[in-house]
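Engineer: Protein sequence lines correspond, in order, to chains C, U and B. Under our numbering, read the first sequence as residues 1 to 361, first letter to last. Under our numbering, read the second sequence as residues 1 to 349, first letter to last. Under our numbering, read the third sequence as residues 1 to 322, first letter to last.
Simulated from the structure, these hints should not be mistaken for lab results. All figures in this text were calculated on a predicted structure; none of them were measured in a lab. Among the clues, some could well be false.
Unchecked claim - To give a feel for the contact side, a few chain C residues facing chain U, derived at Cβ under 10 Å:
1) 64
2) 179
3) 209
4) 213
5) 222
6) 275
Claimed, not checked - Here are the simulated DSS-like pairs of lysine-lysine, each with C-alpha atoms no more than 30 Å apart in a straight line:
7) B:210 with U:33
8) C:220 with U:276
9) C:220 with C:274
10) B:227 with B:21
11) B:227 with U:115
12) B:227 with B:212
13) B:21 with U:115
14) U:33 with B:35
15) B:227 with B:210
16) B:35 with U:115
17) B:35 with B:21
18) C:96 with C:220
The C-beta atom is built at its ideal place from N, Cα and C for all residues, glycine as well.
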Amino acid sequence: MSSTPSSVNQSAGIGHEPTAAAQEPVLSVRHLRVEFPTRHGTLVALDDVSFDIAPGEVLGVVGESGAGKSMTGNAVIRLLELPGRIAAGEVHLSGKRIDDLPEEQFVPLRGRHIGMIFQDPLTSLNPLFSIGDQLVETIRAHLPMSEREAREEALRLLREVGIPAPESRLDSYPHQFSGGMRQRVVIALALAARPEFIIADEPTTALDVSVQAQILALLKRLCADHGTAVMLVTHDMGVIAETADRVAVMYAGRLIEIGPVDEVVRNPQHPYTKGLMASIPGIARRLERLYQIEGAMPRLAAIPPGCAFNPRCPHAQQRCRDERPDLMPAGGSRAACWLHDPVDPLPPRLDLEGQEVSHVR
Amino acid sequence: MCADTAVKPASPAAQGEILLEAQDLARYFDVSKPWLNRVIERSERLTLRAVDGVGFSIRRGETLSLVGESGCGKSTVARLVVGLYGLTRGRLTFDGEDISDLASRTGRQAAGVRKRFQMIFQDPYASLNPLWRVGTIIGEPLRFFRPEMSSTDRRRRVGELLEQVGMSAMDANRYPHEFSGGQRQRISIARALANEPEFMICDEPTSALDVSVQAQILNLMRDLQDEYGLTYLFISHDMAVVKHMSDRIAVMYLGRIAEIAPAEQLFEHPHHPYSKMLLAAVPSLEGVGKERSVIQGEVPNPVHPPSGCAFHPRCPHANARCQAEVPRLIARSDGSEVACHGVEEGRLP
Amino acid sequence: MSQDVQTRNDTAPVVPPKPSKWRTFLDSDIVYSWKRQPVVILATLVTLVMFAAALFAPWIAPQNPFDPRQLELIDAFAPPMTTSDFTGNFYLLGSDSQGRDVFSAILYGSRISLLVGFAAVIFALVLGTALGLLAGFRGGWRDALIMRIADVQLTFPSILMALLIFGVIRGFLPRSMHAEVAIIVLIIAIGLSDWVQYARAVRGATMVEKSKEYVQAARVIGLPARKILFQHILPNVLRPVLVIGTIGLALAIIAEATLSFLGVGMPATQPSLGTLIRVGQDYMFSGEWWILLFPGMALLLLALSVNLLGDWLRDVLNPKLR
Numbered sequence: 001m002s003s004t005p006s007s008v009n010q011s012a013g014i015g016h017e018p019t020a021a022a023q024e025p026v027l028s029v030r031h032l033r034v035e036f037p038t039r040h041g042t043l044v045a046l047d048d049v050s051f052d053i054a055p056g057e058v059l060g061v062v063g064e065s066g067a068g069k070s071m072t073g074n075a076v077i078r079l080l081e082l083p084g085r086i087a088a089g090e091v092h093l094s095g096k097r098i099d100d101l102p103e104e105q106f107v108p109l110r111g112r113h114i115g116m117i118f119q120d121p122l123t124s125l126n127p128l129f130s131i132g133d134q135l136v137e138t139i140r141a142h143l144p145m146s147e148r149e150a151r152e153e154a155l156r157l158l159r160e161v162g163i164p165a166p167e168s169r170l171d172s173y174p175h176q177f178s179g180g181m182r183q184r185v186v187i188a189l190a191l192a193a194r195p196e197f198i199i200a201d202e203p204t205t206a207l208d209v210s211v212q213a214q215i216l217a218l219l220k221r222l223c224a225d226h227g228t229a230v231m232l233v234t235h236d237m238g239v240i241a242e243t244a245d246r247v248a249v250m251y252a253g254r255l256i257e258i259g260p261v262d263e264v265v266r267n268p269q270h271p272y273t274k275g276l277m278a279s280i281p282g283i284a285r286r287l288e289r290l291y292q293i294e295g296a297m298p299r300l301a302a303i304p305p306g307c308a309f310n311p312r313c314p315h316a317q318q319r320c321r322d323e324r325p326d327l328m329p330a331g332g333s334r335a336a337c338w339l340h341d342p343v344d345p346l347p348p349r350l351d352l353e354g355q356e357v358s359h360v361r
Numbered sequence: 001m002c003a004d005t006a007v008k009p010a011s012p013a014a015q016g017e018i019l020l021e022a023q024d025l026a027r028y029f030d031v032s033k034p035w036l037n038r039v040i041e042r043s044e045r046l047t048l049r050a051v052d053g054v055g056f057s058i059r060r061g062e063t064l065s066l067v068g069e070s071g072c073g074k075s076t077v078a079r080l081v082v083g084l085y086g087l088t089r090g091r092l093t094f095d096g097e098d099i100s101d102l103a104s105r106t107g108r109q110a111a112g113v114r115k116r117f118q119m120i121f122q123d124p125y126a127s128l129n130p131l132w133r134v135g136t137i138i139g140e141p142l143r144f145f146r147p148e149m150s151s152t153d154r155r156r157r158v159g160e161l162l163e164q165v166g167m168s169a170m171d172a173n174r175y176p177h178e179f180s181g182g183q184r185q186r187i188s189i190a191r192a193l194a195n196e197p198e199f200m201i202c203d204e205p206t207s208a209l210d211v212s213v214q215a216q217i218l219n220l221m222r223d224l225q226d227e228y229g230l231t232y233l234f235i236s237h238d239m240a241v242v243k244h245m246s247d248r249i250a251v252m253y254l255g256r257i258a259e260i261a262p263a264e265q266l267f268e269h270p271h272h273p274y275s276k277m278l279l280a281a282v283p284s285l286e287g288v289g290k291e292r293s294v295i296q297g298e299v300p301n302p303v304h305p306p307s308g309c310a311f312h313p314r315c316p317h318a319n320a321r322c323q324a325e326v327p328r329l330i331a332r333s334d335g336s337e338v339a340c341h342g343v344e345e346g347r348l349p
Numbered sequence: 001m002s003q004d005v006q007t008r009n010d011t012a013p014v015v016p017p018k019p020s021k022w023r024t025f026l027d028s029d030i031v032y033s034w035k036r037q038p039v040v041i042l043a044t045l046v047t048l049v050m051f052a053a054a055l056f057a058p059w060i061a062p063q064n065p066f067d068p069r070q071l072e073l074i075d076a077f078a079p080p081m082t083t084s085d086f087t088g089n090f091y092l093l094g095s096d097s098q099g100r101d102v103f104s105a106i107l108y109g110s111r112i113s114l115l116v117g118f119a120a121v122i123f124a125l126v127l128g129t130a131l132g133l134l135a136g137f138r139g140g141w142r143d144a145l146i147m148r149i150a151d152v153q154l155t156f157p158s159i160l161m162a163l164l165i166f167g168v169i170r171g172f173l174p175r176s177m178h179a180e181v182a183i184i185v186l187i188i189a190i191g192l193s194d195w196v197q198y199a200r201a202v203r204g205a206t207m208v209e210k211s212k213e214y215v216q217a218a219r220v221i222g223l224p225a226r227k228i229l230f231q232h233i234l235p236n237v238l239r240p241v242l243v244i245g246t247i248g249l250a251l252a253i254i255a256e257a258t259l260s261f262l263g264v265g266m267p268a269t270q271p272s273l274g275t276l277i278r279v280g281q282d283y284m285f286s287g288e289w290w291i292l293l294f295p296g297m298a299l300l301l302l303a304l305s306v307n308l309l310g311d312w313l314r315d316v317l318n319p320k321l322r
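Work out the full structure, taking the sequences as your base and the hints as a guide.
Structural biologist: Structure representation (structure tokens):
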């Protein structure tokens, strides 16, 4: 942390992050930039992304496809697909810088210090080994335990993630489990080495709603119990709303709003977040028309100068087209929008009734 | 912002004539292993009852949604209605004409009915022929149903259709891979509209799209319904989307309808324990920080469904009768129909 | 992820001025990949040169090796790069026991090898594609029947299969016709021994395409099966077939050479590369090495460069490898 004094200001200066401000963050990402050199030029997939996650905290990372949410996770665990590479920035895990570690020192971090849960449980499980063997192997690879102790520990883990009659399931193979049960096993595997940080990338997207609720509740409870920090990557705002403590909203490879979950959901500050929230049909309200953000997110090859959202933004003015806004305190969160410039805020456009204009036709 | 309204305004359709009627639809799939494997492994023939006794009717101009988790048979029902699958049992009537044998009718024989309905699919990346120009794709139904149309007229009509779905007539000369998922779904809709159908079957039309794009497509579909008086059979797993789109909703579980009710009715007073569970499981923005009520269990393997009421192993109110006897849909005074012994006996509200 | 970056983001495409077809082609991934692989460039050049040499053989070759009147027996066994003292003919790659110019024989021989190769591949491709489409699209007993025949055939090495078919067809023909129809029999034999891989690839691709939603959309419209098959499915399954065809060409050329080498293919009066190698091996240890070496090298170069091209094409067109 000490190497980046400015970042301390950024995270500690915000009073409404009670957990983050009090303790040293488990994960700290500073000015992360990921580039994809292609033959048509360099694409900037992540641009100046900074955030912290405190122990026991769940940070939800949301965005639409191509916004860079999965890329953020993959950059942290160095699973970027080629030719992607980290071009600038720093990643610290428990105060130790990890983005500049040589590959052979980084690989052991995965599993031991960083747990991973992916969308498809079958990508994390080896179909040729029983889940008991896989758990025992993972546990023994990271913790000093005998075969028997590791088997006891595996049983305990399976019981903890809610597998009924774990004694009889230890020798079963992944294909003998249902989708929800498989994801439970994956969570057990991710927790096996008691990592301080877990990345969950769309962990419930492949599951039915009823099972989704079970898995999210489990993930949240276990991480709170163990004090594990979680980065929950998903496109589903509903999942974020009920699971995350804080939310980071991404757009075109940039972090455009970050704050406590109820602030961002109930009182979004960035015009994109506002539009996104309003475009989600809810079951408690019924609208004649859904709020609709015109257009679509720009391709990485064609990100406009200034604020990336300016061509779709109802409030955009010349400054938005020229200068890129940084995250600025806005309401209860921080948003990258000139409407919230502390020195010279841009006036929002108002309609005839004095309401902020929106896109609804 | 747009004003909240209580309900989708009661369209004249609510009391309109019945356009599509499905009675006791069933479709079984043979999922056995090949003959040789069965002989060697001495395994039985396996039958998947994807849809087993589903009945509903749709009035002209209304939207009926089928909702349920994976494996409940909702997509199979859609494919039965358009004749992609043949019926194992049951009867389908479209505007008074019996179309139960639609799947086996070929070519011109079926054109009279087929040109009156169209389907929109889930995957915008698979629903357009990648080698065809957009104009050719949208013009396909026209070339088939109206061979007499001149190519100039057809090109003009394709341009109109593209503009109707919010694209440019110039896009007709481009290929599908040049468009985003949302735009491809608009092209799909334009193709479906080409022949001015009355009835659209929409199979998860937005589940592959991002939320902001989903809003654009759902709004477009509502606009088109208002403009042309379209009737929709809407398939989705997303309760919130279904609520936004539907007049009536049928909740399906393992090949059967558990409850069918007007949209508002279902969301305010669900009767079937499964409907209640589904509603409780919807993640909602309003419930920030609150945990959803967690329901135990998962959908069983539909090849070996539970006896009696298929929901009984997960149902907190199940008794001996639920294990033994398949419940039938019974109409209630509030306009809903529920297939639950508990509700029928008055044990449940 | 890179897919996420490039294709999945929901974006209004920017409309650039439409580049010409040729410019689009030059800018494509295929040309890009081609330009970056010297081996592939070399293979392309070799292939083109050999195709051109074979095609224009009558204009390039100093003599027609199939015409006995043009052969000078007195020039037999002339070593490479010699001018005959008797006839004044120049033998670039030497001459054989009949006084046949090896260079001309190679040009005419590769003509036959390529003709047989192309024709056999087209025959196998058409047959395999038709059966694969039928099996994949209709399924049921047709599928089972076709694929079981394919399985049985696969248990025989294809050269054995070709030998068998060759023998059977010749058995039905009078001996006097053997030399005349040798080339057609050869094409049928190699083609029949090779259809299985096309049928398998097409059947698999057909089953994938058949279940895609654009085909279902066509079925909802009520398009007859024939139209769905030929307008929608066939064009979309052709890509893997063409790749197999390129690699298959190299294999067919080798198969022809093998048959001719074994003496069951082209007769010595109309030598293909394989026949030339068979004839040449008699002289391998008697000092006239060129009669064997040059046809052998020609076959090697041809088969190798076509194969390299096929491999490259398969890699560049396979979306999974990207």
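Engineer: If a hint holds in the structure, say so; if it does not, say that too.
Structural biologist: Hint by hint, here is what the structure shows:
1. Restraint check, residue 64 (chain C) versus chain U: the minimum CB separation of about 4 Å is within 10 Å; hint holds.
2. Proximity of residue 179 (chain C) to chain U holds as hinted, the smallest CB-CB distance being about 7 Å (cut-off 10 Å).
3. For the restraint placing residue 209 (chain C) at the interface with chain U, the shortest Cβ-Cβ distance is roughly 4 Å, inside the 10 Å limit, so the hint holds.
4. A hinted interface residue such as residue 213 (chain C) counts as satisfied when its beta carbon comes closer than 10 Å to some beta carbon of chain U; here the least separation is about 4 Å, so the hint holds.
5. Below 10 Å, beta-carbon pairs count as interface contacts, and residue 222 (chain C) has none with chain U, the closest being about 14 Å; its hint is therefore violated.
6. Annotation: interface hint on residue 275 (chain C) holds; nearest CB of chain U at approximately 7 Å, less than 10 Å.
7. With a C-alpha separation of about 21 Å, the suggested pair residue 210 (chain B) and residue 33 (chain U) falls inside the 30 Å cut-off, and the hint holds.
8. Taking the CA atoms of residue 220 (chain C) and residue 276 (chain U), the gap is about 24 Å. The hint holds against a cut of 30 Å.
9. Proximity of residue 220 (chain C) to residue 274 (chain C) is assessed by CA-CA distance (about 26 Å); at most 30 Å being required, the pair is judged to hold.
10. A C-alpha spacing of about 29 Å is found between residue 227 (chain B) and residue 21 (chain B), which places the hinted pair at or below 30 Å, so the restraint holds.
11. With a CA separation close to 17 Å, the supplied pair residue 227 (chain B) and residue 115 (chain U) stays within the 30 Å bound.
12. Only pairs whose Cα atoms come within 30 Å are accepted, and residue 227 (chain B) paired with residue 212 (chain B) is accepted, the gap being roughly 16 Å.
13. Among the hinted pairs, residue 21 (chain B) with residue 115 (chain U) is inconsistent with the structure: their alpha-carbon atoms are about 37 Å apart, more than 30 Å.
14. As the CA atoms of residue 33 (chain U) and residue 35 (chain B) are separated by approximately 49 Å, the hinted pair breaks the 30 Å bound.
15. Distance restraint check for residue 227 (chain B) and residue 210 (chain B): the Cα-Cα separation of roughly 13 Å lies within the 30 Å cut-off, and the hinted pair is therefore satisfied.
16. With a C-alpha separation of about 50 Å, the suggested pairing of residue 35 (chain B) with residue 115 (chain U) is violated against the 30 Å cut-off.
17. The straight-line distance between the Cα atoms of residue 35 (chain B) and residue 21 (chain B) is roughly 19 Å, inside the 30 Å bound, and the hint therefore holds.
18. Our distance criterion of 30 Å between C-alpha atoms is met by residue 96 (chain C) and residue 220 (chain C), whose separation comes to about 25 Å.
The structure shown violates the earlier hints numbered 5, 13, 14, 16.
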